[in-house]
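So the protein lines, in turn, are chains A and B. So for the first sequence, this note's numbering puts the first residue at 23; every next one is plus one. So for the second sequence, this note's numbering puts the first residue at 17; every next one is plus one.
For the record, the hints were derived by calculation from the structure and aren't laboratory data. Heads up, some of the hints might be wrong.
[Unchecked claim] Dumping the calculated DSSO-like pairs for lysine-lysine here, alpha-carbon to alpha-carbon at most 30 angstroms: (1) A:K275 / A:K289; (2) B:K19 / A:K47; (3) A:K73 / B:K159; (4) A:K47 / A:K73; (5) A:K47 / A:K74; (6) B:K159 / A:K74.
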Amino acid sequence: MLAYAAPSTVEEAVRILAGASGVAKILSGGTDLLVQLRSGRARPDLIVDTKKIPGISGIRQQDGAFVIGAATPGAVIGECEALRRAWPGVVEATNLIGSTQVQGRASLAGNLCNASPAADSVPALIAARATCVVAGANGRREIPVESIVTGPGRTSLGADELIIEFHLPRRPPRSADAYLRFIPRTEMDIAVVGAGVTVTLDAGGVCTDARVVLGAVAPTAVVVADAAAALIGRTLDSTALAGLDGAAQRACKPIDDKRGTIEYRTKVAGVMARRAATIAYQRAGER
Amino acid sequence: MSKHHVSTTINGEPTEFLCEPQLTLLDVLRDEIDLTGSKEGCSSGDCGACSVTVDGRLVCSCLMLAVEAEGRTIETIEGMARGHDLHPLQRKFLEHAALQCGFCTPGLLVAAKALLDRNPNPTETETRYWLAGNLCRCTGYDKVIRAVLDAAAELRGE
Numbered sequence: 023m024l025a026y027a028a029p030s031t032v033e034e035a036v037r038i039l040a041g042a043s044g045v046a047k048i049l050s051g052g053t054d055l056l057v058q059l060r061s062g063r064a065r066p067d068l069i070v071d072t073k074k075i076p077g078i079s080g081i082r083q084q085d086g087a088f089v090i091g092a093a094t095p096g097a098v099i100g101e102c103e104a105l106r107r108a109w110p111g112v113v114e115a116t117n118l119i120g121s122t123q124v125q126g127r128a129s130l131a132g133n134l135c136n137a138s139p140a141a142d143s144v145p146a147l148i149a150a151r152a153t154c155v156v157a158g159a160n161g162r163r164e165i166p167v168e169s170i171v172t173g174p175g176r177t178s179l180g181a182d183e184l185i186i187e188f189h190l191p192r193r194p195p196r197s198a199d200a201y202l203r204f205i206p207r208t209e210m211d212i213a214v215v216g217a218g219v220t221v222t223l224d225a226g227g228v229c230t231d232a233r234v235v236l237g238a239v240a241p242t243a244v245v246v247a248d249a250a251a252a253l254i255g256r257t258l259d260s261t262a263l264a265g266l267d268g269a270a271q272r273a274c275k276p277i278d279d280k281r282g283t284i285e286y287r288t289k290v291a292g293v294m295a296r297r298a299a300t301i302a303y304q305r306a307g308e309r
Numbered sequence: 017m018s019k020h021h022v023s024t025t026i027n028g029e030p031t032e033f034l035c036e037p038q039l040t041l042l043d044v045l046r047d048e049i050d051l052t053g054s055k056e057g058c059s060s061g062d063c064g065a066c067s068v069t070v071d072g073r074l075v076c077s078c079l080m081l082a083v084e085a086e087g088r089t090i091e092t093i094e095g096m097a098r099g100h101d102l103h104p105l106q107r108k109f110l111e112h113a114a115l116q117c118g119f120c121t122p123g124l125l126v127a128a129k130a131l132l133d134r135n136p137n138p139t140e141t142e143t144r145y146w147l148a149g150n151l152c153r154c155t156g157y158d159k160v161i162r163a164v165l166d167a168a169a170e171l172r173g174e
């Protein structure tokens, strides 16, 4: 029989999780969890609803950096003007998750911990060097977003742990990010390929820092260091774009499924990386 | 297993109910409170037939546990008309024949109202994207979009 708890502090949530006798599931927006409850894929003994914890939903700024509560709905993230200006790629990736209705509830922590290889917000967060604060029985630790997902449906979090917030760093001048996904229609679909790119340019338009992350082409999101290296030290010329495209394709280890073959996903990954980089450069150049 | 006692506000009325934790808000609206306007289409958040607002935010009531309604303010399709006076969106749906079987209509109306409450003058593209999570197998959507844009114009006093 299923039990439900709605703790009002992080410490209480950790105590409940650590003391749970069976399988406990954390509920943020519930847009994945409720589907899994209905289908029988998830059969928890306990649901721990985090939304009564103060600060678990909402966005605050600290010296140009942003703190986003783990259960903040996508719609709230999309309405934050300052965040859209600083991290347009993270916001556009988050807002691609599901419909308007899903945006009313779906959260970054849920998108991350559901651990789908095709999660839209995850490549953008990793490209942004976002970190998350994890609370557990041994206290709190701040770790990079890319250390959470270990495989489809699997995370590195302990049974007593939950993510309480995400941190996005302060931006240097002439920095911007972008996220693009390929789907065969215009809305309401799951990424065949996703690409998140962030860049920092110098006054001459030469890239001084970059990070390129692909989604839906491997069991987890992939940080493509060679793709970033192809951009750094250059303007966005044809050599940089060709290097980016080739590195992105080489990083792919996709599956064949109804939404795309291995060959198709690999080729499209290069295209999405190039297009996302072009948008990120254009945005950075306008700052 | 004990049931949870939930106090909430539905369409302006303070409402209390008892529910088991696995029940969705949609289950309770339809089966406990007899508000059967919200429909169960897919139960996976894809079709939007169960759309309601929670504290003003558009959500699928099939993707929310009923226990989460504690202390929240919920609006359903039943709260849209004022007595016998239909909301302009409801009237425009009738005028434009924006429904045939009617199963998707409550969800579309609730979603469209949430749009116009935020954005009184949406473009056609904005309207189509906003309503992309509401599936309709009868109308082909064109009449729905025309009805929403016409209702928006009326509400703006044009």
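Status of the hints after comparison with the structure:
no.: 1; hint: A:K275 / A:K289; result: holds (12 angstroms)
no.: 2; hint: B:K19 / A:K47; result: holds (19 angstroms)
no.: 3; hint: A:K73 / B:K159; result: violated (39 angstroms)
no.: 4; hint: A:K47 / A:K73; result: holds (14 angstroms)
no.: 5; hint: A:K47 / A:K74; result: holds (16 angstroms)
no.: 6; hint: B:K159 / A:K74; result: violated (41 angstroms)
Against the hints set out earlier in the document, violations occur for numbers 3 and 6.
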